[in-house]
Amino acid sequence: MITKLQNARIYDPINRINGKIRDLYIKNEYIIEKPKRNEKISKTINLKNKVIMAGGIDIHSHIAGGKVNLARLLLPEEHRKHLYSSSKDLRSGSGLGTCSSFHIGYKYAKLGYCAVFEPAVLPSNARSAIIEMSDIPFVDKGTYTVLSNDDFLLKLIQKKSNQKKINDYVSWILNSTKGLGIKIVNPGGINAFKFNQRALNLDEKNKKYGITPRSILKVLTKSLIDLKAPHPIHVHGCNLGVPGNVNTTIKQISAVEGKPMHLTHIQYHSYDNKGDRKFSSGANILADKINKNKNITCDVGQIMFGQTVTASADTMSQYNNHHFARPKKWICADIECDAGCGIVPFEYQDKNFVNSLQWAIGLELFLLIKDPWRIYLTTDHPNGAAFTAYPRLIKLLMDKSYRDDEFEKINKHAQKNSDLCNLKREYSLYDIAILTRAGPAKVLGLNNIGHLGVGAKANITVYNDKKDKEEMFDNPFMVFKDGNLIVKNGKIQKVFNGKFYTAETDFDKSIEKEISPYFQKYIGRGMESFKIQNQELWDYEIETENIRCNRNDY
Amino acid sequence: MKNINFTCPFCSLLCDDIQLEIKENYLKPINSICPILSTSLKKKVDDQFSRVNGKKTNITKAINELSLLLKKSKSTLFTGMETDIKGTKAALDIIDKHKCIIDHFSSDSYVKNLKSMQETGGFFLTLSELKNRSDTIIIIQSSGEELPMLFEKYIFPKNTINNLKKRKVIFIGSKVPKFLYKNKRKINFEYIKSDSDDLLNLISSVRNSINLQSEEIKDKKILNFLELLKKTKYGSILWTASELQNDVSDIIINELNLLIQDLNKFTRFSGLSLSASNHILTVNEVLLWQTGFPIRTSFANGFPVHDTEQFSTKKLLDNKEVDLVVWINSFNEKNIIINKKIKNVLIGIPTHSQKNKVDIFIPVGTPGLDHNSHLLRVDKVVSMPLKKIRNISLPSVEQVLNKVKERIANDN
Chain S
0 MITKLQNARI YDPINRINGK IRDLYIKNEY IIEKPKRNEK ISKTINLKNK
50 VIMAGGIDIH SHIAGGKVNL ARLLLPEEHR KHLYSSSKDL RSGSGLGTCS
100 SFHIGYKYAK LGYCAVFEPA VLPSNARSAI IEMSDIPFVD KGTYTVLSND
150 DFLLKLIQKK SNQKKINDYV SWILNSTKGL GIKIVNPGGI NAFKFNQRAL
200 NLDEKNKKYG ITPRSILKVL TKSLIDLKAP HPIHVHGCNL GVPGNVNTTI
250 KQISAVEGKP MHLTHIQYHS YDNKGDRKFS SGANILADKI NKNKNITCDV
300 GQIMFGQTVT ASADTMSQYN NHHFARPKKW ICADIECDAG CGIVPFEYQD
350 KNFVNSLQWA IGLELFLLIK DPWRIYLTTD HPNGAAFTAY PRLIKLLMDK
400 SYRDDEFEKI NKHAQKNSDL CNLKREYSLY DIAILTRAGP AKVLGLNNIG
450 HLGVGAKANI TVYNDKKDKE EMFDNPFMVF KDGNLIVKNG KIQKVFNGKF
500 YTAETDFDKS IEKEISPYFQ KYIGRGMESF KIQNQELWDY EIETENIRCN
550 RNDY
Chain P
0 MKNINFTCPF CSLLCDDIQL EIKENYLKPI NSICPILSTS LKKKVDDQFS
50 RVNGKKTNIT KAINELSLLL KKSKSTLFTG METDIKGTKA ALDIIDKHKC
100 IIDHFSSDSY VKNLKSMQET GGFFLTLSEL KNRSDTIIII QSSGEELPML
150 FEKYIFPKNT INNLKKRKVI FIGSKVPKFL YKNKRKINFE YIKSDSDDLL
200 NLISSVRNSI NLQSEEIKDK KILNFLELLK KTKYGSILWT ASELQNDVSD
250 IIINELNLLI QDLNKFTRFS GLSLSASNHI LTVNEVLLWQ TGFPIRTSFA
300 NGFPVHDTEQ FSTKKLLDNK EVDLVVWINS FNEKNIIINK KIKNVLIGIP
350 THSQKNKVDI FIPVGTPGLD HNSHLLRVDK VVSMPLKKIR NISLPSVEQV
400 LNKVKERIAN DN
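Taken in order, these protein sequences are the chains called S and P.
Position 252, counted from 1, in the first sequence is what numbering that gives the first Met the number 0 calls 251; the numbers after and before it change by one each time, with no gaps.
Position 150, counted from 1, in the second sequence is what numbering that gives the first Met the number 0 calls 149; the numbers after and before it change by one each time, with no gaps.
Chain S extracted, bound-state conformation (with noise of 0.2 Å):
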């Protein structure tokens, strides 16, 4: 069955189209090029005066896994809050921040999202979080497996093993965890928490195993490379949270040395400690190193205004952020010798000097870093705000006179050590489509996503083209996956779901036989019983996507 969609205004960065009027095709699940005279069009939709890109990309999104269920069960009240009725074809659910899993999928096939990446997979916990992702229909998904506190690993490299053999453990990880990526939290951090140590600076060693993150950061980095995976190293990097720590992020982009690298949530980590409440922008500086390392990508972890929950893997940073608490009460947790979770519900206050600090540092990160294609928009879903926030944050990006109107409510002193309402950048509605489909896509290495070229899938985003952003984002005409309109107006069209993407790499199978003999001895449980089965994501009716090792651009 071919559909074609007529007269709409195009917004399609890879292919270089920038607001024409174009038909496009679709054929069952893909985009095709123009049929032929004897193919039959089965459909046409006429969209004059709508706006297309394709469907949205998440890049860093807290969706599932074990810290995300243990928030809901802390957070009662904020369930209570946000009750979502069940319907003839719809589940019944509840929550915001942690959003019960059917709601996941409808609230971001409603946004027009068609793909979102967990960023904080434990590799104890990957089959858990990948059953619970099997519940959140629509979207396709992808997971990054946390590696970089994992005693395994730690190990390998206190004895200077060699890169190969690193490399190994790395691509039997993902293998075992149906991993796309890598992400290193808090290197080493989250271990040496095991042993009291309260804080790691990069060059700082783990007490345990005597190395510092920057060595952590520069094997995993490096491994990732050989490997050509499809995403470079994802990193959450030390001392999050902590005023000054811009000093260490522009010191971890030095210490890759110009090889690709993506940072995660930046405006946790661009904070000076100037001023008389030493905390301050570090947003300059940051965004200055980040224009000038082109082999840098990130998305910003923008926080918005309200109630939230902080959830993450990084048990060092949660522990020393508890004390923020709001309501108060915490859980942190020591995982599986591999790494930690905790969970801070947050309250962000637009009166608050630090809070709205954070909010003004996010928007600069933003606007003083030029390359849209290396930027990608996020709230670190929920710890700077739910990603329902998303177009409020794009209306802030797209119309600076919004801009200046919401930077006025914030607190006074926080404006004045704020360069915010000084920049004048506006982003187009291409480079939204950057920020939010091409970027992510580009820098995860999958092609067949965030664009709108033949051969691509069918996920289309279809906007009412309207002068409030804001309105025009939170709202889309249409929502196509796969081909399937599964949003109209709003309405829940048709429920499925999407695919689940994992990266095919090789590895010298003689390195399980040190890993078996570890798990034996010291996790309790067999080496066999921690690697997913794809008999066992078949069972739950996950198809997965498997994307191979190869990428040549690094």
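What the hints contain is simulated information worked out from the structure, not anything from laboratory work.
Check each hint, because a few of them may be wrong.
With a Cα cut of at most 25 Å, we get these calculated DSS-like pairs of lysine-lysine [as the list claims (entries may be wrong)]:
id : chain 1 : residue 1 : chain 2 : residue 2
1  : S       : K87       : P       : K164
2  : S       : K87       : P       : K73
3  : S       : K327      : P       : K264
4  : P       : K73       : P       : K96
5  : P       : K164      : S       : K154
6  : P       : K230      : S       : K87
7  : P       : K157      : S       : K512
8  : P       : K264      : S       : K206
9  : P       : K230      : P       : K167
10 : S       : K204      : P       : K404
11 : S       : K493      : P       : K167
12 : S       : K520      : P       : K183
Source: prediction; values computed, not measured.
On the provided structure of chain S, position chain P as indicated by the hints.
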């Protein structure tokens, strides 16, 4: 006859190092002394009939009858809920659509943990952290009966990553379990005799001493305990909600969670609740991710409403607040409450002793014996894959409930 590797589904440790001898469908553990495993495997299945009103019938008829009851019911409770991830998912699909209530066999004790998590949070650890990291383990009145191999595997292990020699194990409670005495040589053992009130006093005094440093402690027992905590590099505290004195167990658990949080001000400590019987954690995790709320949740209003008191099975059955109860138990023969004034359905293992006493009985297989499965371990982080090893043609809970769903949909 052959030997196979087996992951045991009968408690929340989910040991995967079991060797079984299989002869036809007779299963015998070779390398395990676990009492739960050997008892569970001894059950002989010689009758696989469904029953309606106590009379043998075929499964299709029983499923049709259950579908009719569900359609007619104004308020249905799904409880027991001893099943795996897929069984929970299938049940929730029906519970949500038909506006039912969900509870579990083990909720009475588990909600005590739950309430503390909702009020305070906590600092937790998983089994391999317990095994490899803890130089000091404090066990609060736990017999270990729910998780028989916990101590051998995780508390007296031969090897640890951190090369822990003779770790300190302190038992606080009224009666030391035998296995601790038996293994005293492997550990540096200490016993603090204490009933629940003493325990509460001990924890509160220690907390006061940490948080209000002016408070002077005179009681030697408390002073010694505090000293021990201060010397600990990485400590773990384990408790079993069901073994604490019922009227103060809520407060004790909450105080324990607060104490663990407090101790992290100067050293490292974390806790682990050992309340995981009848796979309540598996069910609870699925419920949390699918609905946002834990066990004891009603969907009667079309959206989830969670209340640990209002939706207790006993209360709902005693007060006849439901007209149909569906019990699910695919692991053991735990007794169910039968209230003759309402309709009772049991989806259970074929050897269940109450199968003739309910209105409908539908036999199901056991996850990890009769079908592939996934269950969550006591620490909630690790889920284990379990494989079918027996072939006696019993359906899974998921298959039965999906048929019920199909049948209702066809009727509409």
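Checked hints:
1. The suggested pairing of S/K87 with P/K164 is violated, with an alpha-carbon distance near 60 Å, which exceeds 25 Å.
2. Among the hinted pairs, S/K87 with P/K73 is consistent with the structure: their alpha-carbon atoms are about 18 Å apart, no more than 25 Å.
3. Taking the CA atoms of S/K327 and P/K264, the gap is near 16 Å; set against the 25 Å cutoff, the hint holds.
4. A C-alpha spacing of about 13 Å is found between P/K73 and P/K96, which places the hinted pair at or below 25 Å, so the restraint holds.
5. A distance of roughly 20 Å separates the Cα atoms of P/K164 and S/K154; the hinted pair therefore holds under the 25 Å criterion.
6. A hinted pair counts as satisfied when its Cα atoms are at most 25 Å apart, and P/K230 with S/K87 does not qualify at roughly 59 Å.
7. Of the pairs offered as hints, the one joining P/K157 and S/K512 holds, with about 20 Å between alpha carbons and a cut-off of 25 Å not exceeded.
8. Taking the CA atoms of P/K264 and S/K206, the gap is about 19 Å. The hint holds against a cut of 25 Å.
9. Taking the CA atoms of P/K230 and P/K167, the gap is near 11 Å; set against the 25 Å cutoff, the hint holds.
10. Proximity of S/K204 to P/K404 is assessed by CA-CA distance (about 58 Å); at most 25 Å being required, the pair is judged violated.
11. The straight-line distance between the Cα atoms of S/K493 and P/K167 is roughly 58 Å, outside the 25 Å bound, and the hint therefore fails.
12. Distance hint between S/K520 and P/K183 is fulfilled; the C-alpha atoms sit about 22 Å from each other, no more than 25 Å.
The structure fails to meet hints 1, 6, 10, 11 from the earlier list, while all remaining hints are met.
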